[in-house]
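J.: Using the sequences plus the hints, can you model the full thing?
Residue-level listing of the chains:
Number of protein chains: 8
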Amino acid sequence: MNKQEMKRLLALVAAGELSPEEAAAQVDAPDFADLGFARVDTRRQLRCGVTEVVYGEGKTAAQVTAICQALAEEGQPRVLVTRLAAEKARAVQEALPQALYWPDSRLLLTQPLPQPDGKGAIVVVCAGTSDLPVAEEAAITAEALGNKVERVYDAGVAGIHRLFSSADVLAQARVVIAVAGMEGALPSVVAGMVPCPVLAVPTSVGYGASLGGVAALLAMLNSCASGISVVNIDNGFGAAFQASLINHL
Amino acid sequence: MNKQEMKRLLALVAAGELSPEEAAAQVDAPDFADLGFARVDTRRQLRCGVTEVVYGEGKTAAQVTAICQALAEEGQPRVLVTRLAAEKARAVQEALPQALYWPDSRLLLTQPLPQPDGKGAIVVVCAGTSDLPVAEEAAITAEALGNKVERVYDAGVAGIHRLFSSADVLAQARVVIAVAGMEGALPSVVAGMVPCPVLAVPTSVGYGASLGGVAALLAMLNSCASGISVVNIDNGFGAAFQASLINHL
Amino acid sequence: MNKQEMKRLLALVAAGELSPEEAAAQVDAPDFADLGFARVDTRRQLRCGVTEVVYGEGKTAAQVTAICQALAEEGQPRVLVTRLAAEKARAVQEALPQALYWPDSRLLLTQPLPQPDGKGAIVVVCAGTSDLPVAEEAAITAEALGNKVERVYDAGVAGIHRLFSSADVLAQARVVIAVAGMEGALPSVVAGMVPCPVLAVPTSVGYGASLGGVAALLAMLNSCASGISVVNIDNGFGAAFQASLINHL
Amino acid sequence: MNKQEMKRLLALVAAGELSPEEAAAQVDAPDFADLGFARVDTRRQLRCGVTEVVYGEGKTAAQVTAICQALAEEGQPRVLVTRLAAEKARAVQEALPQALYWPDSRLLLTQPLPQPDGKGAIVVVCAGTSDLPVAEEAAITAEALGNKVERVYDAGVAGIHRLFSSADVLAQARVVIAVAGMEGALPSVVAGMVPCPVLAVPTSVGYGASLGGVAALLAMLNSCASGISVVNIDNGFGAAFQASLINHL
Amino acid sequence: MNKQEMKRLLALVAAGELSPEEAAAQVDAPDFADLGFARVDTRRQLRCGVTEVVYGEGKTAAQVTAICQALAEEGQPRVLVTRLAAEKARAVQEALPQALYWPDSRLLLTQPLPQPDGKGAIVVVCAGTSDLPVAEEAAITAEALGNKVERVYDAGVAGIHRLFSSADVLAQARVVIAVAGMEGALPSVVAGMVPCPVLAVPTSVGYGASLGGVAALLAMLNSCASGISVVNIDNGFGAAFQASLINHL
Amino acid sequence: MNKQEMKRLLALVAAGELSPEEAAAQVDAPDFADLGFARVDTRRQLRCGVTEVVYGEGKTAAQVTAICQALAEEGQPRVLVTRLAAEKARAVQEALPQALYWPDSRLLLTQPLPQPDGKGAIVVVCAGTSDLPVAEEAAITAEALGNKVERVYDAGVAGIHRLFSSADVLAQARVVIAVAGMEGALPSVVAGMVPCPVLAVPTSVGYGASLGGVAALLAMLNSCASGISVVNIDNGFGAAFQASLINHL
Amino acid sequence: MNKQEMKRLLALVAAGELSPEEAAAQVDAPDFADLGFARVDTRRQLRCGVTEVVYGEGKTAAQVTAICQALAEEGQPRVLVTRLAAEKARAVQEALPQALYWPDSRLLLTQPLPQPDGKGAIVVVCAGTSDLPVAEEAAITAEALGNKVERVYDAGVAGIHRLFSSADVLAQARVVIAVAGMEGALPSVVAGMVPCPVLAVPTSVGYGASLGGVAALLAMLNSCASGISVVNIDNGFGAAFQASLINHL
Amino acid sequence: MNKQEMKRLLALVAAGELSPEEAAAQVDAPDFADLGFARVDTRRQLRCGVTEVVYGEGKTAAQVTAICQALAEEGQPRVLVTRLAAEKARAVQEALPQALYWPDSRLLLTQPLPQPDGKGAIVVVCAGTSDLPVAEEAAITAEALGNKVERVYDAGVAGIHRLFSSADVLAQARVVIAVAGMEGALPSVVAGMVPCPVLAVPTSVGYGASLGGVAALLAMLNSCASGISVVNIDNGFGAAFQASLINHL
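Residue numbers (the UniProt record's numbering), protein chains in the order written: chain A, 1 to 249; chain B, 1 to 249; chain C, 1 to 249; chain D, 1 to 249; chain E, 1 to 249; chain F, 1 to 249; chain G, 1 to 249; chain H, 1 to 249.
Please keep in mind that the hints were generated in silico from the structure rather than gathered at the bench.
Using N, Cα and C, we set each Cβ at its ideal position, and we do this for glycine too.
Don't take every hint at face value.
Covered stretches of chain H, as calculated for chain E (at least 3 residues, CB under 8 Å) [unchecked claim]:
#1 3–13
#2 165–178
#3 186–193
Subject to a maximum C-alpha distance of 20 Å in a straight line, what follows is the list of computed SDA-like cross-link-like pairs (lysine to any residue) [as the list claims (entries may be wrong)]:
#4 B/K148 - B/D117
#5 A/K7 - D/V169
#6 A/K3 - E/S165
#7 E/K7 - H/D168
#8 C/K7 - B/G120
#9 F/K7 - G/S165
#10 A/K3 - A/A29
#11 B/K3 - C/D168
#12 G/K7 - F/A121
#13 D/K7 - A/Q172
#14 D/K119 - A/P195
#15 G/K3 - H/F164
#16 H/K3 - E/S165
#17 C/K3 - B/Q172
#18 D/K119 - A/H248
#19 G/K3 - F/A171
#20 D/K3 - C/D168
#21 A/K119 - D/H248
#22 E/K3 - H/A167
#23 G/K7 - F/S165
#24 H/K7 - E/A121
Partner residues are not named here, just some residues of chain F that face chain E (Cβ under 10 Å, in silico) [to be verified]:
#25 K7
#26 A23
#27 A25
#28 A121
#29 T129
#30 P133
#31 F164
#32 S165
T.: What follows is the structure, given as structure tokens:
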């Protein structure tokens, strides 16, 4: 346990979020839980403020379950799993019956959604109905990390009054997550409307020269508007994670 | 001279735009003027409705001058030259003193601008001040081809009220040319506002992941709005040429 | 309802295409129909001249049906749906029995094809038999939007006399849609033959270095012929929409 | 002036940052200052919280000067200009003698740096000495927007103890801006060390397969660490702008 | 048999690894075994020090079996087959019952693993659990070629203490193979920790802008750390083969 | 029928390959057979020396059959069909029982292979066993077009003595077709050994950074050896067609 | 000297092109002339039928001169140098006063052009005036290698009658070299007109999405016409070299 | 100073390469020398076995000099600087008069070349004369790091006997560095000839579809030969560094 981790541990004790006994247990615990196929980063919560999130793709249901259990044993029972196929999710839910699963966004959470403790609202706005799975990945991730979320869906720039009609909602955002495929223009327009940070999520919605979302990604990186940063294609999770960090500052 | 060309020639005579003598001369003329280094397409006006336009890049001033003179000899004295460097333009102007030159857009026209004879107005809208050279290439080309042109400049989507403030101008367009670099979002928004065709021109304005205008090009090709078609990067000429065809229908 | 929309509404009333009562109903109607998963742009007809077209990919049959019904309720019963898989189409047709479906081009239209009201003919020319699905998407879309369509199929440049044999048909076009995969040369040749605008549609027909249609797309963007603009790969719909706007000017 | 802008204006009056007279002047002012070549977005400060920043590339010194003066006339005398070449900067400084210029990062600010009013510190960490111009663009932009900035330079992952030796500085950050070229690994390591958002800036430092910074950009977009979002290659400004938004929440 | 091959043959006889009779047989043998569909390079062991390895993809089980038998007949009974699908492996195992098969890494070895005869240990370190198939391809290949292998798995840079906790293992390496997908940062960090060569293996783990592993590949090629060279995406075999060459020097 | 076609027709009569009656029939025949979905180029044999070849991909079995029958009716009964899936081939063979089909290379020929009438031999050399389908597409196409073919298979550059052992075969070639995937080095080595033209065929064999054959394609286009030209990835047919033209000169 | 080389040497003696003494000298000569910085392949003429051609780019004038002299000493005084800058050419001409230099195509030949000894004519056809430097590189190379050359310039597909007017010239070709930039459509049309092989040369003429000639290259690789093979961008030399091989068969 | 570094320090003392006093000084020294613009990694020699190498591009002569001096003060006076422009080198040499500079390969070494202490020879083989600067960067770097180097230059695959004539030299290599541009085939052939590791260096030599060396890079990554790993384009230094590590094992 390094100095920064120790400081944060003490802060949690001071804030009453951790009993001295729990804190002492953490001090003695190993840096990570070695499962052979995985080294579970049990100290990420202290170091980065959030429990390790499990990337479900390329892992078996048994591996996912074991990692969630290892984290639970270290006192971190609420674990988020991303990109988990439905059949694997069912197997995990058998071992962890409390777990919730959202098939469209392929998210699993090992415990019910927490009460929001972020400072404001995260607004998730998306361009088209086909972008919904990614938008929902963002929205549910944000809720799983303790944020209040507002949704503004199907508000693409080709009928821009649909976006303007939600100006009130956008105005109350502490962070906006803007999700769009095709030409990816939505974040540029949104960032010109709001005084808060905009996290842009390109999606793979489109065909031909959309190049699997690369067109939208490039558009967002080249936005003429200020206040935008970008995550990987279809990475609703990544945008929500950072939005949550911002919303908890 | 093929059947279609003959039909159009007769139509011009019938409309009084060509005397029978002029028409007869064209019937006897060769299909093209062979200058050795170039085969000047003297019959393009009949075939495609517009005198051949000269691509200035990669040609010497002497070559450009000779082509313009060959077209003049075939009764087509108003010739547009695109992408002509300033020093070459000066040399051409010495041989053809009537010629006008616009240094920003690198256009040369061997005779004064004609009176507009298109049916409506072409509106050229551009996203930022840095896009002006391409926007002007479009605007002047359109004027050189006989169109009334309205300009709406620096109306990018990051401050979209600047675009909306010109809604009246846009509403009167028969065709809109939308010019933008960076994320290339402008045509999508414009196409959602107007009931006429939008020709989108990506520019190479930007840096890094703009990839020399490829980002804007991809965005425009993937627009979620209908009624958009696209030309090559920085090809203000190409958009104006097609806009003029449409405006003269 | 903004000023432009009001103007167009009044023009429709003046032209007898709308009764004062219908117009009044539209003035009072909301800007869009919010279905939760979609914000149906009921005012696009007024704003852009054409009812919203539904992008079928990534939507469920129930979503498509609901959007079509929402538009019908706003007095726009003829709705075009693009890229709709056959099994979804069947489900939509059960709810909307009048709907027509074309399996090759994956188009659905909720009512019979309208009488043509465009000013001239749209000629759809394609390079090879394998390009037919895209060419048909263009042709049927154009018909669904009220245009007379002529088809010239399998007229690729490797046997160019096949194209020249249809010169008469091309000469009567008000707009040409040129569809080609592989090297995408067809639009360049066509644009050298006709005095009207050419809309170029690259297709994904080909293999290896065709890169899923990118080769044809690049070729069309770089055409040495004037009068061409380009839409996304396989986007027969987009070309036809633009052609229809032009044909109704 | 729309509803949101009005709300923010009143909030500024309530907070004593604006006198009622100044506020009234803003209500009556036009939406933007139209200079012909530019439509200066005088209302961006109200709408987005920050005065419009001027992109210097592709603009003449006279254009830059005129835009800065137009903003000053609307009560926004502190204007930041990015990517301004040295010779243009000299010309602007002649007209605006108070202006500061940083040649390495090509930034110009029309008035002295303000007192920091952000809530915490922004830490700018960069991988190598060759990344300094971009890192400085970020650092000075952040200072120009009212933030306290800490610099940790030449802390690339090939000698990772150099980064760890600054763990104390990083631990105090409210936002981290991580700047790196070549393989772009720095943000991934940093995000694993801190509990705050990390904004990643790829640079064009490198050669060959760095593809002008695309390699670093892709690496950052694909980071295995959570809490990262990315801006365009060499876009130190963009990262700092968003960091400042976050730091002022 | 060329001069170099003759020299090595004699060296093997001198070292007692080959009897004079066996050597004489090799001198008389043809340069390759021609099976019609394949020319089996029976002399590669002499020329390059290692028996030919069979690339299983695109070959039938019968072809693979025949090649292995041809090599056995030339006195090289231990043959490694890479990228062999499970059903093909079963068929090969029926013909060659001693053969071992590892389904995750799709490797088949026609005889049991040999005793290690390399000079030191090869350490295989990988970034995440999803990279295991490639890491195992490297580890088992190295073992099949006679090396002692140490595995350090799931030690990605987002929780870098997990890597540092294995510093002792890394310090004993004669060669390190570093396997990573996504942003591919692991080899840069490892190469900054060890004084031995690092062979970097990008994997196709990731999505969106990972471009099938190209992002990781580019990152590794652009590493700011010295002492790294790179093999093809997912090419665990290739890294292990070279590592084995180095370990046997 | 244009002048060149007439000349060639007369030459065939003079050579006794066509009776005056057959020639007269061709003079009167239409330029192409219009099947609605296809315009069969019945005059290509005269114009280009070879009957039209049918691209099977994207056509139904019924379309393929109809095209072959249309050509047969114009006196061209031996038709080659490329890239025809096995199930379609079976359907075609039911209608055209004489037709031969090669499943590996997906070629169909409506009549038995002809006697060779080319001037020399075409040598098809390929790098690895996995390249066989493409190599066979080349070899059988060449045979179908009347050429003697020699095959040199599995002669990749990693065991280059396997190639040198076939130097005698290569020395007798009038044209060489060199087929290779992966790094595509084979044509460079071959072209340095022979005094005849080399046609290079990149294949999609490989993985990761082979990018579906683009790596091999680029290598062949950049060969340091003279005397090489290149066809599309996996285009064994195209190389054989060109080789046959050369071999019949 | 290997067996093939010996055979060709004897054939030259039998044909009277080499005296027995000259042949004997070649038998004794070393395989290459080692100049330290270069290994001049003095035996390529025997092996591949043509003296080694010198690639001028990246070599000093002194190096070029020394290589030419080394070849002259081995009895091969006529050497072609490609891509040689004008100032280097002047220096070479001082040492080798007989040398000719063509500045547009950057070719140098150390002796006068030879008498044509190819069997027919090579026709070089190019699309536009801007393609002339590449077309001339092809034409002069072909002449330097002993071919009769016909030129058809500025015959692009946008005015296709200009190409058809040269049908007679094309009909007499034994090989056609088709040179085009931009969309690269010319070879497809030409290959549909002639019964001989077409070698396609893409040029870097164009801008924006021409991507430095990649658009034309891809178009040519994907040609729907048969009988085309392709060389590198701007590689007029390469096409002419292969055309000469074909023309001498 | 971590445990591994301490172990290596003690080993140096035990080997007599460091006096106890020198070792003690190092134990007390800081981890790096902080120059503000750079954190000089003074402990890399202990950690990775080689003194930090300075990347010259993007650094001023003053910065380079200061870094070299800082390393000298820590007892590491022999510093290699890569990619240093000639004018900067002159400035560095004024401050460090012992420094050697090689203009072609842009390398600077602050002290004379050391005596070789590697175990065998490193053979640098390159394909063409134009690749010499990169080959020399590799060769001189290897010498600067204490290796005996053999050079085999201009041995490209188009005249492969030139390579085979150096088979003796290659046979004595402990590591081979193979440098090639254009199609990058050389490493594949070399790796089929030798039993030692081959490090492949693609160069940017070529034009058009060589894409600045990407073609050669891809070829090398996809080599069909085993025993190859690859470094960045033009990265002769990187290959030599890795080769030196191997040669000192």
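J.: For each hint given before, does the structure comply? Return the numbers of the non-compliant ones in rising order.
T.: 20, 25, 26, 27, 28
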